[in-house]
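Required output: the full structure, derived from the provided sequences and hints.
Read in order, the letters of the sequence shown correspond to residues 53 to 147 in the numbering used here.
I should point out that these hints are in silico values taken from the structure, not numbers from a laboratory. Here a beta-carbon is modelled for each residue, glycine too, at the ideal position from N, C-alpha and C. Be careful, since some hints might not be right.
[Stated by the list, open to error] Each pair of labels, with its calculated beta carbon distance range:
(1) Gly-71 with Gly-106: 38 to 44 Å
(2) Glu-75 with Leu-115: 56 to 62 Å
(3) Pro-77 with Ile-114: 54 to 60 Å
(4) Ile-141 with Ile-114: 24 to 30 Å
(5) Arg-129 with Arg-89: 54 to 60 Å
(6) Arg-83 with Ala-107: 35 to 41 Å
(7) Leu-103 with Ala-68: 41 to 47 Å
(8) Val-119 with Phe-78: 56 to 62 Å
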Amino acid sequence: MKPDFWKRLAETARRAPAGPPAEMPFGFDTRVVASWRGRQEPEEALPWTLLLRGALVCASLILLLSVAMNYQALKEREPGSVAIADSAIRMSMLP
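Quick look at the structure:
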């Protein structure tokens, strides 16, 4: 025969105390908040912080590589011969 879970639940509810205690036990609220913070931060915040930190590192490396590769072009005031030839080729290709 299958156990009747609803009947067992109703019996347990009837045996429960009538009202809540008059006052919360000393330190209970701080323990609950500390437990809640301890469980929530590592599960939820840790993956996002690692992902954002990795994205910041990748963006910084890309920025540094692009500045290092274009340092010579940023240093020159007048365009070089390659830039002039590139500009002439592009101008000749326009209709």
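### Task
Just pull the numbers of the violated hints for me, sorted ascending.
1
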